[in-house]
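**Student:** Each chain is listed here by its residues.
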Amino acid sequence: MNGAGSGGKAFITRVSGPVVTAAGMAGAVMYEVVRVGELGLVGEVVRQAGDTATIQVYEDTGMLKPGAPVTCTGAPLSLWLGPGLIGNIYDGVQRPLPALMARGGVWIRKGELADPLDPSRRWDYKPRLKAGQLVTEGQAAGLVRETPMVEHKVMLPPGVNGVVRSASASGTYTINDTLAVIDTPSGPVEIKMLQKWPVRQPRPVRERKRVSEPLVTGQRVIDTFFPIGKGGCACIPGGFGTGKTITQHQLVKWSDAGIIIFIGCGERGNEMTEVLREFPELKDPRTGRPLMERTILIANTSNMPVAAREVSIYTGITMAEYYRDMGFDVAVFADSTSRWAEALREMAARLEEMPAEEGFPASLPSRLAQFYERGGAVTTLGGEAGSVSIVGAVSPPGGDFSEPVTQHTRRFTRVFWSLDTELANARHYPSINWLRSYSDYLEEVEPAWEKLHPGWRVLREEAMVVMQREEHYRQIARLVGPDSLPDSQRLFLFIGGVMRDGFLAQSAFDEADMFCPPEKQAALLGVIMALYRGARDQIKNGAALADISALPCTGEVLQAKTACAGTKELAALESRVREELAGLALSGGEAAS
Amino acid sequence: MTAKDKGLEYVGASRIEGPLVVIDRVRDAGYDELVEIKDSSGRLRLGRVLDISSERAVVQVLEGTDGLSGSTLRARFLGESLKLPVSKGMLGRVFDGLGRPADGGPLPLSGDRRDVNGAPINPVARRYPREFIQTGISAIDGMNAMVRGQKLPIFSGNGLPHDRVCAQLVRQARLPGEKADFSIVFAAMGVKRDVADYFMRDLSRSGALGRVAMFLSLADAPSVERLLTPRAALTLAEHLAFDCGQHVLVVLTDMTNYCESLREVGTARGEIPGRKGYPGYLYSDLASIYERAGRVEGSPGSITQTAILTMPSDDISHPVPDLTGYITEGQIVLDRELFQRGVYPPIAGLPSLSRLMKDGVGKGYTREDHPALASQLFACYAYVKRVRALADIIGEEELGAGDKVYLKFGEAFERRFLSQGEREDRPIGTTLDLGWEMLSLLPRSELHRVNSALLDEHYGKALSGKGG
Numbered sequence: 050m051n052g053a054g055s056g057g058k059a060f061i062t063r064v065s066g067p068v069v070t071a072a073g074m075a076g077a078v079m080y081e082v083v084r085v086g087e088l089g090l091v092g093e094v095v096r097q098a099g100d101t102a103t104i105q106v107y108e109d110t111g112m113l114k115p116g117a118p119v120t121c122t123g124a125p126l127s128l129w130l131g132p133g134l135i136g137n138i139y140d141g142v143q144r145p146l147p148a149l150m151a152r153g154g155v156w157i158r159k160g161e162l163a164d165p166l167d168p169s170r171r172w173d174y175k176p177r178l179k180a181g182q183l184v185t186e187g188q189a190a191g192l193v194r195e196t197p198m199v200e201h202k203v204m205l206p207p208g209v210n211g212v213v214r215s216a217s218a219s220g221t222y223t224i225n226d227t228l229a230v231i232d233t234p235s236g237p238v239e240i241k242m243l244q245k246w247p248v249r250q251p252r253p254v255r256e257r258k259r260v261s262e263p264l265v266t267g268q269r270v271i272d273t274f275f276p277i278g279k280g281g282c283a284c285i286p287g288g289f290g291t292g293k294t295i296t297q298h299q300l301v302k303w304s305d306a307g308i309i310i311f312i313g314c315g316e317r318g319n320e321m322t323e324v325l326r327e328f329p330e331l332k333d334p335r336t337g338r339p340l341m342e343r344t345i346l347i348a349n350t351s352n353m354p355v356a357a358r359e360v361s362i363y364t365g366i367t368m369a370e371y372y373r374d375m376g377f378d379v380a381v382f383a384d385s386t387s388r389w390a391e392a393l394r395e396m397a398a399r400l401e402e403m404p405a406e407e408g409f410p411a412s413l414p415s416r417l418a419q420f421y422e423r424g425g426a427v428t429t430l431g432g433e434a435g436s437v438s439i440v441g442a443v444s445p446p447g448g449d450f451s452e453p454v455t456q457h458t459r460r461f462t463r464v465f466w467s468l469d470t471e472l473a474n475a476r477h478y479p480s481i482n483w484l485r486s487y488s489d490y491l492e493e494v495e496p497a498w499e500k501l502h503p504g505w506r507v508l509r510e511e512a513m514v515v516m517q518r519e520e521h522y523r524q525i526a527r528l529v530g531p532d533s534l535p536d537s538q539r540l541f542l543f544i545g546g547v548m549r550d551g552f553l554a555q556s557a558f559d560e561a562d563m564f565c566p567p568e569k570q571a572a573l574l575g576v577i578m579a580l581y582r583g584a585r586d587q588i589k590n591g592a593a594l595a596d597i598s599a600l601p602c603t604g605e606v607l608q609a610k611t612a613c614a615g616t617k618e619l620a621a622l623e624s625r626v627r628e629e630l631a632g633l634a635l636s637g638g639e640a641a642s
Numbered sequence: 008m009t010a011k012d013k014g015l016e017y018v019g020a021s022r023i024e025g026p027l028v029v030i031d032r033v034r035d036a037g038y039d040e041l042v043e044i045k046d047s048s049g050r051l052r053l054g055r056v057l058d059i060s061s062e063r064a065v066v067q068v069l070e071g072t073d074g075l076s077g078s079t080l081r082a083r084f085l086g087e088s089l090k091l092p093v094s095k096g097m098l099g100r101v102f103d104g105l106g107r108p109a110d111g112g113p114l115p116l117s118g119d120r121r122d123v124n125g126a127p128i129n130p131v132a133r134r135y136p137r138e139f140i141q142t143g144i145s146a147i148d149g150m151n152a153m154v155r156g157q158k159l160p161i162f163s164g165n166g167l168p169h170d171r172v173c174a175q176l177v178r179q180a181r182l183p184g185e186k187a188d189f190s191i192v193f194a195a196m197g198v199k200r201d202v203a204d205y206f207m208r209d210l211s212r213s214g215a216l217g218r219v220a221m222f223l224s225l226a227d228a229p230s231v232e233r234l235l236t237p238r239a240a241l242t243l244a245e246h247l248a249f250d251c252g253q254h255v256l257v258v259l260t261d262m263t264n265y266c267e268s269l270r271e272v273g274t275a276r277g278e279i280p281g282r283k284g285y286p287g288y289l290y291s292d293l294a295s296i297y298e299r300a301g302r303v304e305g306s307p308g309s310i311t312q313t314a315i316l317t318m319p320s321d322d323i324s325h326p327v328p329d330l331t332g333y334i335t336e337g338q339i340v341l342d343r344e345l346f347q348r349g350v351y352p353p354i355a356g357l358p359s360l361s362r363l364m365k366d367g368v369g370k371g372y373t374r375e376d377h378p379a380l381a382s383q384l385f386a387c388y389a390y391v392k393r394v395r396a397l398a399d400i401i402g403e404e405e406l407g408a409g410d411k412v413y414l415k416f417g418e419a420f421e422r423r424f425l426s427q428g429e430r431e432d433r434p435i436g437t438t439l440d441l442g443w444e445m446l447s448l449l450p451r452s453e454l455h456r457v458n459s460a461l462l463d464e465h466y467g468k469a470l471s472g473k474g475g
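Protein chains in written order, with the numbering used here: chain A, 50 to 642; chain B, 8 to 475.
Hints are not guaranteed to be accurate.
As the list claims (entries may be wrong) - If the Cβ cut is set under 10 angstroms, some of the chain B residues that face chain A in the computed set are:
# : residue
1 : Asp-58
2 : Arg-120
3 : Phe-249
4 : Gly-301
5 : Pro-319
6 : Asp-321
7 : His-325
Said to hold, decoys possible - In silico negatives: residues of chain A with every beta carbon more than 12 angstroms from chain B:
#  : residue
8  : Ser-169
9  : Met-198
10 : Arg-259
Claimed, not checked - Calculated pairs, DSSO-like style, for lysine-lysine (alpha carbon to alpha carbon, straight line, at most 27 angstroms):
#  : chain 1 : residue 1 : chain 2 : residue 2
11 : A       : Lys-332   : B       : Lys-365
12 : A       : Lys-617   : A       : Lys-500
13 : B       : Lys-468   : B       : Lys-365
14 : B       : Lys-370   : A       : Lys-332
15 : B       : Lys-283   : B       : Lys-370
16 : B       : Lys-90    : A       : Lys-159
17 : A       : Lys-332   : A       : Lys-617
18 : B       : Lys-392   : B       : Lys-415
19 : B       : Lys-365   : B       : Lys-392
It should be emphasised that the hints constitute simulated quantities derived from the structure, not laboratory data.
Note that CB positions come from ideal geometry on N, CA and C, so glycine has one too.
Could you put together the complete structure from these sequences and hints?
**Tutor:** This is the structure we're talking about:
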């Protein structure tokens with residue numbers, strides 16, 4: 050009945066939102082990229098049945114008509130990998146947003162395309178290969194200084210082993226120039242800076258390793274209490290208004306990873322803009338270089354097409370694996386995986402799949418598992434140590450952590466930073482609840498901490514116990530009033546308050562406080578615990594809590610996070626705390642005698 | 008869009024169900040295409056294509072399906088999606104929910120017709136909003152400050168004075184030191200005529216009607232029409248802001264009604280429902296509305312959005328406020344308890360939040376002490392809530408002396424800082440001084456979030472300086 054699709058060509062038979070059905074697709078492969086309609090909108094085959102295929106389209110499908118042509122590209126959705134990724138900003142399917150803007154202005158129009166990497170840009174290349182050399186996959190063919198902070202390795206793609214037939218000399222080359230030719234058992238392979246890799250397929254490694262080093266974030270509540278290791282996975286759930294995004298931004302800014310990939314997945318446009326505006330101005334605390342020189346941003350805001358949102362997570366993780374393979378520690382931040390899961394749900398509903406929990410597809414847990422499993426510490430094909438750490442934000446509807454995305458994410462991550470509405474309401478940031486959060490990497494990161502501050506583990510556990518008891522007595526105080534508690538119990542409310550304001554709360558906007566080096570964290574905790582132990586002993590000896598809280602050092606401890614620049618000042622403060630408490634005993638003793 | 012099919016008319020529908028009409032064997036029609044449907048009496052209604060295949064088109068009738076007959080209706084596919092003619096001349100006019108003149112005036116003169124669905128703004132092309140808007144309402148300016156280009160909704164409940172608060176906000180909003188210069192685009196979805204009249208009266212009283220465009224899809228209009236109303240309004244707003252360089256304030260009321268219409272259509276299509284029967288794509292759909300706010304490179308204009316939504320049974324975790332809160336940059340929450348105690352505006356202290364405040368206040372924007380003051384007020388008020396909960400159990404008399412001071416602070420904060428007249432336009436300086444006056448009721452040693460330099464400058468000063 051419809052003449053437009055004659056001649057064996059593929060054509061559209063149905064359009065329903067981002068899901069398009071096409072006929073004449075007998076040769077199509079699952080996850081193959083197709084171009085749909087007159088405008089050539091980018092889509093991906095997600096289901097096949099005989100001659101017809103179901104396609105999810107990454108762009109707005111308005112005015113797409115049955116009968117319009119569909120063209121197969123023969124390749125799965127693949128990324129361009131090569132120098133030029135760092136500092137760039139992409140949408141979910143790796144369209145470079147600055148280039149799109151230069152071409153099409155403020156609005157993202159349908160069917161607009163641009164090369165993900167600039168093919169005309171020339172890079173300084175230093176070869177590491179000589180003709181006749183025996184080479185294996187993952188080995189560096191040469192080096193490109195991508196940014197002052199990133200030395201980019203041009204690697205032999207996975208599966209390329211053989212003998213170097215020819216290798217280019219040092220010089221400037223574009224990403225499409227041939228830099229070396231390798232004779233492999235299956236024929237000669239040209240090596241270029243540009244490699245393509247399918248987004249949904251993990252890049253191979255030689256070996257997976259145990260996580261052994263902490264990923265330092267400079268955030269006290271995280272590093273000290275709920276640390277994540279390099280190569281670890283963390284989940285950060287929080288209802289709206291709990292400071293999820295600010296916390297994540299802090300991690301993005303201050304984590305000591307070599308490469309940072311931030312995936313803005315279905316989040317606010319203005320928030321992405323904030324990141325885009327802020328990052329070029331921010332300096333890495335360790336090198337003093339702009340943070341953008343080690344960062345890739347992926348921005349697929351909530352109003353951009355939902356199918357592209359689904360892919361954005363894979364786009365980010367594939368880029369992370371690529372840099373990991375060069376030997377970098379990469380940290381991936383996904384804000385928010387709930388929006389990604391919702392994209393899955395939306396697509397599944399359009400495909401009329403049978404829903405499981407709360408309308409999410411039954412494949413949700415396995416999809417989440419696949420994603421988080423792409424994180425980890427590894428030995429790369431080239432024999433280097435690299436890691437991908439993943440921090441996934443979760444936005445549980447109604448702040449209810451029993452919903453499927455939070456629950457399944459918990460299964461596949463080993464760190465749980467639980468954001469708390471009550472803390473956020475009191476503007477206590479980061480609003481990570483210290484009693485409901487956990488980290489399973491303590492064993493792994495302990496040696497590194499102990500080297501920095503002997504006795505760290507004991508100190509940390511002591512502080513945790515104090516915070517637990519504080520909560521216990523707070524519950525009681527809520528019923529009977531704090532004044533009815535004896536000093537030995539009110540002590541915990543007092544020290545708990547010092548811990549909250551003087552340690553756990555950390556300002557993201559205060560220059561002196563936004564990044565706290567690990568040694569300072571440990572020393573600061575040491576000071577507070579010294580105050581706790583001293584106060585506990587003195588109360589046992591009959592001192593009044595009111596006298597202790599009136600000591601000048603108490604105020605100093607509260608201000609120490611900003612007032613003390615480093616461990617030296619904190620050590621001095623710690624001895625003052627001891628002295629003043631001891632002095633208290635003296636005067637107390639005299640009064641008694 | 009080929010010319011030959013223009014005018015091709017399809018007679019009869021194979022199915023009519025709720026707002027949906029299914030027409031068989033449609034040729035050359037596109038997804039989201041506009042459809043004109045004529046019933047036996049000759050009345051025309053608009054619809055759009057929700058699902059199109061070679062066999063059938065599912066058309067959502069925007070103006071109701073009552074009186075349609077499957078055998079006699081005639082449908083014509085118009086070859087394009089819904090477009091709105093836009094021009095500056097639309098300010099001062101009233102339109103229906105689909106953007107057609109409803110004030111008896113002529114069609115706006117315009118060469119520009121825009122797709123009401125808009126296009127996403129390239130995140131790279133956005134400018135970060137940071138110009139403080141003074142609303143003259145202390146609870147907003149002092150603690151949840153709004154900036155130009157922000158989307159800050161009002162979460163309310165039935166019977167709460169959200170309309171009055173919103174009207175006051177619209178009336179008073181301006182940059183400090185500048186004259187009121189916002190153009191206002193007002194979209195009413197499923198609200199009663201009284202509400203629309205109230206806004207119109209209020210705006211005309213303040214002489215603002217000439218810079219207001221109203222899109223009204225009132226409670227008696229077909230509910231599906233509402234799905235287009237905010238989009239039409241925002242299409243005009245985008246034109247005014249980004250083509251004409253105006254600062255536009257968009258008021259959307261009531262988004263809960265909008266979401267209910269969306270649910271209605273979803274149910275009629277037999278979609279798999281998500282939470283509380285709302286469709287699974289509610290988040291994306293709301294985002295396609297709320298995200299049409301902000302500022303962009305190359306244009307001096309801005310779109311600031313205030314959506315009003317009523318939380319069913321005051322439940323902030325209901326899908327509509329919940330998903331809205333995830334998209335908008337904060338929320339102003341109205342509180343029933345405050346309202347019952349006669350506090351106007353009853354803006355809840357703790358759950359209200361402005362995410363963009365941090366970059367629009369402080370030194371160089373409002374006043375250096377603003378951020379610390381706001382943070383301290385939040386912390387103290389949060390403590391007040393705890394003390395009150397305790398007092399409920401053990402009785403006020405049993406409270407420690409320190410806690411009793413907080414009760415006094417809490418009372419003053421609600422009565423004097425939060426409360427103000429409906430016509431009272433407080434400059435930001437007054438709001439901040441008032442905030443310090445409140446804090447000065449507490450012992451200085453309780454104020455941990457303000458550094459000593461600021462305390463020296465402001466603590467206890469406001470008391471003597473201003474006469475209240």
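**Student:** All the hints need checking, so say for each whether the structure fits it.
**Tutor:** Evaluation of the provided hints:
no. : hint                      : verdict
1   : Asp-58                    : 4 angstroms, holds
2   : Arg-120                   : 14 angstroms, violated
3   : Phe-249                   : 7 angstroms, holds
4   : Gly-301                   : 6 angstroms, holds
5   : Pro-319                   : 13 angstroms, violated
6   : Asp-321                   : 14 angstroms, violated
7   : His-325                   : 8 angstroms, holds
8   : Ser-169                   : 20 angstroms, holds
9   : Met-198                   : 22 angstroms, holds
10  : Arg-259                   : 37 angstroms, holds
11  : Lys-332(A) <-> Lys-365(B) : 20 angstroms, holds
12  : Lys-617(A) <-> Lys-500(A) : 17 angstroms, holds
13  : Lys-468(B) <-> Lys-365(B) : 25 angstroms, holds
14  : Lys-370(B) <-> Lys-332(A) : 22 angstroms, holds
15  : Lys-283(B) <-> Lys-370(B) : 45 angstroms, violated
16  : Lys-90(B) <-> Lys-159(A)  : 17 angstroms, holds
17  : Lys-332(A) <-> Lys-617(A) : 25 angstroms, holds
18  : Lys-392(B) <-> Lys-415(B) : 12 angstroms, holds
19  : Lys-365(B) <-> Lys-392(B) : 24 angstroms, holds
When each numbered hint is compared with the structure, violations occur for hints 2, 5, 6 and 15.
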